[in-house]
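Protein chains in written order, with our numbering: chain A, 1 to 542; chain B, 1001 to 1423.
There's no promise every hint is true.
Said to hold, decoys possible - A partial selection of chain B residues facing chain A, derived with a Cβ cut-off under 7 Å:
id : residue
1  : GLY1044
2  : GLY1169
3  : ASN1186
4  : SER1190
5  : LEU1205
6  : HIS1224
7  : GLY1312
To be verified - With a Cα cut of at most 30 Å, we get these calculated DSSO-like pairs of lysine-lysine:
id : chain 1 : residue 1 : chain 2 : residue 2
8  : B       : LYS1297   : A       : LYS246
9  : A       : LYS26     : A       : LYS336
10 : B       : LYS1069   : A       : LYS269
11 : A       : LYS106    : A       : LYS435
12 : B       : LYS1410   : A       : LYS260
13 : A       : LYS269    : B       : LYS1410
14 : B       : LYS1215   : A       : LYS435
15 : A       : LYS157    : A       : LYS102
16 : A       : LYS276    : A       : LYS34
17 : B       : LYS1218   : A       : LYS510
18 : B       : LYS1376   : A       : LYS439
19 : B       : LYS1147   : B       : LYS1376
20 : B       : LYS1410   : A       : LYS445
21 : A       : LYS102    : B       : LYS1215
22 : A       : LYS264    : B       : LYS1297
23 : A       : LYS269    : A       : LYS115
24 : A       : LYS435    : A       : LYS482
25 : B       : LYS1399   : A       : LYS319
26 : A       : LYS439    : B       : LYS1391
27 : B       : LYS1215   : A       : LYS95
28 : B       : LYS1095   : B       : LYS1215
29 : B       : LYS1069   : B       : LYS1215
30 : B       : LYS1399   : A       : LYS439
31 : B       : LYS1399   : B       : LYS1095
32 : B       : LYS1095   : A       : LYS319
Quick caveat, the hints were computed from the structure, so don't treat them as lab data.
Even for Gly, the Cβ is constructed at its ideal location relative to N, Cα and C.
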Amino acid sequence: MLYLRAMFLLLLLTKVSISAEAEKQKAVALEAWKKLDRTVLKSGEIDSLIEKELVRLGITPAPLCSDYDYIRRISLDLTGKPPSPLEIRLFLSDKTLDKRKKYAEKLIESDGYAKYWATYWAEVIAAKITDRRGMLAYRPFEEWMTEQIKLNRGWDKIAHDLVCAEGQVVPGEKGDGRTFLMLAHLGPDAPVERAAEVSRIFLGMQIQCAQCHDHPSDIWKREQFHEFAAYFARTGDRLVPAGDMKFGIRVFGKFFGEHKMPSKEDPAKGTNIQPKFLDGREGPKFANDQKRREALSIVMVENENPWFAASYVNRIWSKLLGQGFYQPIDDIGPQKEAVHHETLLRLVGAFQGSNYDTREFLRSVIHSNAYQREARLGKTQDEHLLFAAVYPSRLSAESLWENLSETMEGVGGPFARFVKVNPLFFARSYEGQFKSQFKFDPSAKPDEVEGAVAQALWFMNNPQIEDKIKVKGNNILVKLLKENPQDDLALKALYLKMLAREPSFTEQSKCMQYIRNAINRETAYEDLLWALINTTEFQSRR
Amino acid sequence: MYLEVGVNADRVVSRRAFLGAGSLLGLGWKAAVAREAEQLRKQGLSCILLFMTGGPSQFETFDPKPGTKTGGPTQKISTAVPGIDIAEGWENTAKMMKEITLLRSMTNNVAEHTRAQYQMHTGYLPAGGVKFPTMGSIASKELPAPKGDLPSFVAIGTPGNTIGSGFLGMAHAPFVVNDPARMPNNVTRSLNVDESRFQNRLGILAELEGEYSKKNAKERVDDHQATYANAARLVRSPALEAFDISKEKIEVQNRYGKTPFGNGCLLARRLVEQGVPFVEVESRDWDTHFDHFSRVKNLNQAVDMGFAGLVGDLKERGMLEKTLVIWMGEFGRTPIINPRTGRDHFPRAFSVAVAGGGIKGGKVIGSTNEDGTAIKDRPITVQELFSSFYKVLNINARKENAGPLERPIKILDSGKPVDELFT
Chain A
1 MLYLRAMFLL
11 LLLTKVSISA
21 EAEKQKAVAL
31 EAWKKLDRTV
41 LKSGEIDSLI
51 EKELVRLGIT
61 PAPLCSDYDY
71 IRRISLDLTG
81 KPPSPLEIRL
91 FLSDKTLDKR
101 KKYAEKLIES
111 DGYAKYWATY
121 WAEVIAAKIT
131 DRRGMLAYRP
141 FEEWMTEQIK
151 LNRGWDKIAH
161 DLVCAEGQVV
171 PGEKGDGRTF
181 LMLAHLGPDA
191 PVERAAEVSR
201 IFLGMQIQCA
211 QCHDHPSDIW
221 KREQFHEFAA
231 YFARTGDRLV
241 PAGDMKFGIR
251 VFGKFFGEHK
261 MPSKEDPAKG
271 TNIQPKFLDG
281 REGPKFANDQ
291 KRREALSIVM
301 VENENPWFAA
311 SYVNRIWSKL
321 LGQGFYQPID
331 DIGPQKEAVH
341 HETLLRLVGA
351 FQGSNYDTRE
361 FLRSVIHSNA
371 YQREARLGKT
381 QDEHLLFAAV
391 YPSRLSAESL
401 WENLSETMEG
411 VGGPFARFVK
421 VNPLFFARSY
431 EGQFKSQFKF
441 DPSAKPDEVE
451 GAVAQALWFM
461 NNPQIEDKIK
471 VKGNNILVKL
481 LKENPQDDLA
491 LKALYLKMLA
501 REPSFTEQSK
511 CMQYIRNAIN
521 RETAYEDLLW
531 ALINTTEFQS
541 RR
Chain B
1001 MYLEVGVNAD
1011 RVVSRRAFLG
1021 AGSLLGLGWK
1031 AAVAREAEQL
1041 RKQGLSCILL
1051 FMTGGPSQFE
1061 TFDPKPGTKT
1071 GGPTQKISTA
1081 VPGIDIAEGW
1091 ENTAKMMKEI
1101 TLLRSMTNNV
1111 AEHTRAQYQM
1121 HTGYLPAGGV
1131 KFPTMGSIAS
1141 KELPAPKGDL
1151 PSFVAIGTPG
1161 NTIGSGFLGM
1171 AHAPFVVNDP
1181 ARMPNNVTRS
1191 LNVDESRFQN
1201 RLGILAELEG
1211 EYSKKNAKER
1221 VDDHQATYAN
1231 AARLVRSPAL
1241 EAFDISKEKI
1251 EVQNRYGKTP
1261 FGNGCLLARR
1271 LVEQGVPFVE
1281 VESRDWDTHF
1291 DHFSRVKNLN
1301 QAVDMGFAGL
1311 VGDLKERGML
1321 EKTLVIWMGE
1331 FGRTPIINPR
1341 TGRDHFPRAF
1351 SVAVAGGGIK
1361 GGKVIGSTNE
1371 DGTAIKDRPI
1381 TVQELFSSFY
1391 KVLNINARKE
1401 NAGPLERPIK
1411 ILDSGKPVDE
1421 LFT
């Protein structure tokens, strides 16, 4: 008995000393955030930092990926579209040393890049919308954001415009896209939701748990959340009549109103709260709406607050490499532990130093070896690869749609794209239904995104897809089979078109075997095409 | 007794649930056995939710106020239960009143469609941080799965298409049927793909997946293939026939009215018969801000036939005891008739109708005042309503599921069941 008690005490003591050690490390890590190196960062420095850490951890990084993998990855990542067979051939025949860099640069300058990433951000906001009427601002936001990305405006400027937006979206008018983040949440609870979303998207922190009680696993106190919400205390929204029983919505500054932190005993009662930033810096007291939101958009992007930069860095890095320094990507913060902490600090410093130049940051990542490594999963789907390899995330609904319609040369009939103008028609269109079937929250951890039977059925049996598979009319197989009477060449062309690579020796022989056993050549190729679009690979990054 | 014990996502009995079960030991042996028997009887329950999107008027459905200014021209009719009158246009439903219980004192404060629809599907108001699952997804997770590869949650007419399974994930997402008169999208193979060709395709697909699988993505490919195996099983399953309402006798089809909504109700019955635990059928266009009375007449006609047909058919087949049928919308409509002969949104006092699942019918719970502007007695909140549904379905409403960031989230965070439903 005594022995047991002694053991217990010993255990307790070790535990205490371990946690003291952890506390010390945490303090050191926190201190590092105050001494960021803000000089320009080159891809080579990222690689040496990452490789240093991998050596320390005793992990051998995966080799760099092939040109086939690279061109498919960079095209899907930057524009959402797969490369065409012609683009692949040109890229492969290019023998210059910096061809990857050149190809990526071309994509960054393209309209497709701005458009694809604008949609990405629209989806980030739409995923947490609490009032569907706010979707009126979706398309205007997409257009506005495309412009901002084309102009390469700083992330701080974009954040400012979204946080401070005043304006309206009305059916039949050119809406003000900046209003989307504010209009995604309407009504009396909106200050709280807007605060939670601004914090999640721009600071990477989910402080909303502290709305009702002190955060269970973080430092946030209930009062801090409500002080943050008070920045939005006078942000109002209202309906704008647009004739014919239609309404638009408007976000504007109210002349009065204070945020109330509801009393725990009686939620109907509450205490008036004035704005204060998460790090304790005071906000403007009893000020009007614009002053409050302007103050937030300034204090948020100051260098003293590294989380604004860290949130962007972590999110985009995670999208490009498949895994983030922190996971999930919108749950970061001083109490959370990051992998490759030193690399993260350096990226954050450089992003701040560049005045939040998103392209400069993007370039430093995609030109690194870390981004160009082969893709693989760990032993389990959720194992962190620690950037020793790229994680093969599932394609977003947008890029899966592009991948399908580019490789099959149009699916869903000639009007599939025409309906995009009107969001209401769009939801019922082929493309709209496809996207809603395959949609997932872009902030979700890639290994948590699941497939569904209804999705499998779509690729398996959908009549519009089956119609494009057939050897008839202008369908892709007609031309492909005519141009390639020899099966080995036809197979190469098919693989290049669908998966942007050549078939391996085994794949080639399996397909040849299949063709030999089939009733006729056409049927065999239809089946092979069907099989290729149904593979895991077709629906993933590589 | 296991039904009393809360089991979390990892099939691990939680401590709190264990304490709950322990307290049961305080019951006498006989009482415990009786209780267990009742629970066993409750297993295999299903739910059919008839959702009136847009907000149906209580005045023109189950709480008419003829002779008052707010009641408009709508007359009342008597029902199979003396003393219970409902609005004209519901003659078929009136005949079924012995099976139906009316809740005339629903009260809420959300007057905007999407928020109220969300709340009347999940029991929660929308919040940015958590995507709450719709009741069908909860049922899919908590109730036994159907035999024969059918989905656990079928939504007919794309209801709640923006709500879905939330943090419960794709496994509990609704299987959507757009048009109940046709087979669901993508479950039928093209004419040019017969069984042997289908098999060939699946075969070569599995072979070609090998290369990608070898590249260290084995687990992903295995998942993908497992989903495909499920999809292929569904495509080949004889149980799919449940989706084909033309297999019903013409008299049965007629009884449901042969409208899109009636067809949906008939399909719901066929699916429940095969053990599908939750089916939702949507009726749209109840948002009658103008020309209210003429529009409601048409809507009533289809829903009266469908609802009464469903309840009657379930009763005759002996399925009503095990099937909870719910009729509701996101809110009611204003007592004041606006200048365009319309009624606007009114969450303060509205009606819900329920039948089956062991609930004794022929009853009215709660009431509104003379002109329907306020609740007179027994106000019922959304949480109390949902709490009652979960009690009928024998789902522990206080059970916690793992939400985002592993935060435990109760199926329902507050509200006691409406006792009058269970006496």
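Evaluated hints:
Checking GLY1044/B against chain A by beta carbon gives a least distance of about 23 Å; that is not within 7 Å, so the hint is violated. Interface hint at GLY1169/B: satisfied, since its Cβ lies 6 Å from the closest Cβ of chain A, which is below the 7 Å cut-off. Because the beta carbon of ASN1186/B sits about 4 Å from the nearest beta carbon in chain A, less than 7 Å, this interface hint is met. Checking SER1190/B against chain A by beta carbon gives a least distance of about 4 Å; that is within 7 Å, so the hint holds.
A hinted interface residue such as LEU1205/B counts as satisfied when its beta carbon comes closer than 7 Å to some beta carbon of chain A; here the least separation is about 4 Å, so the hint holds. For HIS1224/B, the interface hint holds, the least distance from its beta-carbon to any beta-carbon of chain A being 4 Å, beneath 7 Å. At its closest, the beta carbon of GLY1312/B sits 32 Å from a beta carbon of chain A; the interface hint therefore is violated under the 7 Å criterion. For the hint pairing LYS1297/B with LYS246/A, the CA-to-CA distance comes to about 24 Å; that is within 30 Å, so the pair holds.
With a C-alpha separation of about 9 Å, the suggested pair LYS26/A and LYS336/A falls inside the 30 Å cut-off, and the hint holds. Between LYS1069/B and LYS269/A the alpha-carbon distance is near 37 Å, which puts this suggested pair outside the 30 Å criterion. Under the criterion of a C-alpha separation no larger than 30 Å, the hint pairing LYS106/A with LYS435/A is consistent with the structure, at around 28 Å. A hinted pair counts as satisfied when its Cα atoms are at most 30 Å apart, and LYS1410/B with LYS260/A qualifies at roughly 26 Å.
About 25 Å separates the Cα atoms of LYS269/A and LYS1410/B, which keeps this hinted pair within 30 Å; it holds. For the proposed pair LYS1215/B and LYS435/A, the alpha carbon gap of about 28 Å is at most 30 Å, so the pair holds. At most 30 Å may separate the alpha-carbon atoms for a hinted pair to count; LYS157/A and LYS102/A meet this at roughly 28 Å. Restraint check: the Cα-Cα separation between LYS276/A and LYS34/A comes to about 21 Å, which is no more than 30 Å; the hinted pair holds.
Distance hint between LYS1218/B and LYS510/A is fulfilled; the C-alpha atoms sit about 19 Å from each other, no more than 30 Å. Straight-line distance between C-alpha atoms of LYS1376/B and LYS439/A comes to about 46 Å, which puts the hinted pair past the 30 Å bound. For the suggested pair LYS1147/B and LYS1376/B, the alpha carbons sit about 46 Å apart, so the restraint of at most 30 Å is broken. Annotation: proposed proximity of LYS1410/B to LYS445/A holds, straight-line Cα distance about 23 Å (limit 30 Å).
Taken as a hint, the LYS102/A and LYS1215/B pair is honoured in the structure, with Cα atoms around 28 Å apart against an allowance of 30 Å. Note on LYS264/A and LYS1297/B: the hinted pairing is violated, with a Cα-Cα distance of about 47 Å set against a maximum of 30 Å. Proximity of LYS269/A to LYS115/A is assessed by CA-CA distance (about 46 Å); at most 30 Å being required, the pair is judged violated. Note on LYS435/A and LYS482/A: the hinted pairing is violated, with a Cα-Cα distance of about 33 Å set against a maximum of 30 Å.
For the hint linking LYS1399/B to LYS319/A, the alpha-carbon distance of about 35 Å lies beyond 30 Å, and the restraint is violated. For a cut-off of 30 Å, the pair hint linking LYS439/A to LYS1391/B is broken: about 33 Å separates their Cα positions. Taken as a hint, the LYS1215/B and LYS95/A pair is honoured in the structure, with Cα atoms around 27 Å apart against an allowance of 30 Å. A hinted pair counts as satisfied when its Cα atoms are at most 30 Å apart, and LYS1095/B with LYS1215/B does not qualify at roughly 65 Å.
Between the alpha carbons of LYS1069/B and LYS1215/B the distance comes to roughly 74 Å, so the proposed pair goes past 30 Å and is violated. For the hint linking LYS1399/B to LYS439/A, the alpha-carbon distance of about 28 Å falls within 30 Å, and the restraint holds. At most 30 Å may separate the alpha-carbon atoms for a hinted pair to count; LYS1399/B and LYS1095/B exceed this at roughly 38 Å. For the suggested pair LYS1095/B and LYS319/A, the alpha carbons sit about 60 Å apart, so the restraint of at most 30 Å is broken.
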